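S.K.: Dock the two chains into a complex; use the hints.
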Amino acid sequence: MQVLYGRHHVRVFRFGLRLVRDEQIAEDLISEVFLDVWRQAGKFEGRSAVTTWLLAITRFKALSALRRRKDVGLDDETANAIEDTSDDPEVAAQKKDTGEALRKCLTALSPEHREIVDLVYYHEKSVEEVAEIVGIPENTVKTRLFYARKKLAELLKAAGIERGWP
Amino acid sequence: MMAANRQMLDQEPSEIEMLLPFHAAGTLSARDARRVEDALAGDPELARQYAVIREEYAETISLNETLGAPSARAMQKLFAAIEAEPERKPSRSVRLSAKVSEFFARMSPRTLAWSASLGAAALLLQAGVIGAVLMSKQTSSFETASLSLNEPSSPAAPITRDLGVSAAPPRALVRFAPEARVADITALLDNYQASIIDGAKGGMFRLQFGNKAMGKDEAASLLSRLQREKIVGLAVATP
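Sequences listed follow chains A and B, in order. Per our numbering, the very first residue in the first sequence carries number 1; after that it's consecutive. Per our numbering, the very first residue in the second sequence carries number 1; after that it's consecutive.
Okay, chain B solo, but in the shape it has when bound (with noise of 0.2 angstroms):
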């Protein structure tokens, strides 16, 4: 259908031509925006239409443009009102969610990434711990120990073969300060040659110091050490 056939001052317009501001505007699907670009290359009278609309389409530009801008009343008002407006109460899920955020927030990001591995080193570590309960249904030579802090009964050892070694090497749980950087951990668990073998329960971690049992002057003394440590909140003795 020719546009220029129309008297289309008479008649329903067609969808194309329906369509041209918004070609014109760029808002169009891709798939009309073909449909208008198809028409437009078989219809020079919709081409002449289209000429027309992208003049208007710039002088409405430029006549918006002359409107100039509001003065700084209005914002002063705006913010002013804002000001004025009682404080709103966050919902009690707002609340929850803004303390989670609040704890996260308070370790930095390397800290909270070393919290996630240990997290995920713990995990390893049930996975073991249910294994070896598995495994020690079996006649075996194994041995297993729970490694959960609630069980006084049942002191917490390190999962290990019995390969006949009775004394263990020091540990202690340790709470390192909030602000504590991963370097700074890192660089703690060097000079003391510790490992850490369980964590965070409640934020603590559970470190070993060395391979070798210790004296019982020596470990109390890395411990009295480890506690003037200024990354390190809490460290206590634990078997």
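One chain only, chain A, in its complex shape (with noise of 0.2 angstroms):
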């Protein structure tokens, strides 16, 4: 468990603090997760990669904190807003730096689009994977990720950040 927790917990952590937005929640999550997988290491069948299998736990827990911080009524604009400490994305437009720019307007995705853009960028997962994480047949990983990419254009113009595309 050691050397599965030693290998994995920082992508599981990042890929659960990009879904609750809260570093303390995010730590709770990963030892939920490690604990589940503990728990259900018989169930695990070798058909998907270790990771894949920890990332749809991740998930699941994740989403599951987010309805449960929303019981208690810290919604996603107050978790933005106690995150948010840098400049907005026209501000760092003006700074001419794009990049910068860039991973303002990815933070600023809507949490769906947010999951699967981590997924196959940071994460490196395939077609086959996302849809097996995220639960959603293989089409709309592929639709999904270009609507997200669409919508990081639209943010990008409207900080005055022009890519060529779309």
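Read the hints as simulated data drawn from the structure, not as lab findings. As the structure is a computational prediction, the values presented were derived from the model and not from experiment. A portion of the hints provided could be inaccurate.
[As the list claims (entries may be wrong)] Pair ranges (Cβ atoms, derived):
(1) 178/B to 63/A: 50 to 56 angstroms
(2) 179/B to 136/A: 55 to 61 angstroms
(3) 41/B to 36/A: 44 to 50 angstroms
(4) 36/A to 26/B: 26 to 32 angstroms
[To be verified] Chain B regions said to be covered by chain A (calculated; three or more residues, Cβ under 8 angstroms):
(5) 25-37
(6) 189-196
[Unchecked claim] Here are the simulated lysine to aspartate or glutamate pairs, EDC-like style, with alpha carbons at most 16 angstroms apart:
(7) 150/A to 112/A
(8) 150/A to 55/B
(9) 151/A to 12/B
No residue lacks a Cβ here, since even glycine has one placed at the ideal position from N, Cα and C.
M.R.: Now the structure itself:
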């Protein structure tokens, strides 16, 4: 378990943090994820990569945590307000730092879009793996990512950054 | 179809366009990757979009890398929770396989290899017995004897042709200590000019000492010496 934790906890934490946007909750999340793995180790059949299995559990736990958080009245907007201390996309664009504006806009995507972008780009998951983690058809994975990218382009455009697409 | 000619915001994306992010991340199959490469080579607008995607790809990684790592608290919490978990009883089949594994684990790899070789030798001997039994049904001068240790009424004898040798060399059933290494066993066999003629039934090997018959006292002395060997757990005389 220590080896498994050592190898994957950072990625699991980051994936969870991007979803719940709260470090404390994300930390609690990874303990819950790996405890579940410990309990369900016998059920893992090796048909998918360990990371795919871990990320699917993390996603499920993160959504549960978000639901619990909404129950106590801390909605996404409040969470964003707590976390968001740096420049907004417009200010970042004024600094003519496309990279920073891009990162800012990536943060501003909806949880659904954020999740798919992270899974494909950062966690380097294939269409099939994302479909397994998110629980959607493979075609939906492709179209959802396309529209997430389109939304990203719109946010950048609103921030005054044209990248030549779309 | 040139991607540049389409109003992308208004139209459904093409299959190739939707595969571009996965191509950037290197998660496409070889076949799809080739399709994307071919399309990129012939469509400058698609290639421009791919450049944008590579930028998004790099910045997504950069953004995630700035998120840091969880504190040690998360790990402590996890392992405390695991400690507090009730002990899980393995299933019967797991327990049995664990027992089997434990049995083999007790043997050194080389001893294990020896046992396997001896098992193979025993199989060959059995084949010899069967062959000899079949032959004995015909008119012949062969004599056979069972090697079974479970038939006291029919004392075990070597598979041999009756060449008129009446007195057999001394033999013993020997169980080696679990920690015995193959090198130790080989050395012992050399010292006693012994050879393994059967085994390993119940972990016992049948050893024969030399090729000549021995006097009663000499055989008893040899057995007594054998019993004192460190790597010998048990040694008893056998026909």
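S.K.: All hints, please: hold or fail.
M.R.: Hints and how they fare:
Separation of residue 178/B from residue 63/A is about 54 angstroms and conforms to the stated range, judged on CB atoms against 50 to 56 angstroms. Against the hinted window of 55 to 61 angstroms, the Cβ-Cβ separation of residue 179/B and residue 136/A comes to about 58 angstroms, which satisfies the hint. Range check, residue 41/B to residue 36/A: about 46 angstroms between beta-carbon atoms, so the 44 to 50 angstroms window is met. A hinted range of 26 to 32 angstroms for the beta carbons of residue 36/A and residue 26/B is consistent with their spacing of about 29 angstroms.
Taking a C-beta to C-beta cut-off of 8 angstroms, the region 25-37 of chain B contributes 4 residues in contact with chain A, enough for the three needed, and the coverage statement holds. Check result for the region 189-196 of chain B against chain A: violated, 0 residues qualifying (beta carbon to beta carbon below 8 angstroms, three or more required). Restraint check for residue 150/A and residue 112/A: the C-alpha separation of about 14 angstroms stays at or below 16 angstroms, so the hint holds. Of the pairs offered as hints, the one joining residue 150/A and residue 55/B holds, with about 14 angstroms between alpha carbons and a cut-off of 16 angstroms not exceeded.
About 15 angstroms separates the Cα atoms of residue 151/A and residue 12/B, which keeps this hinted pair within 16 angstroms; it holds.
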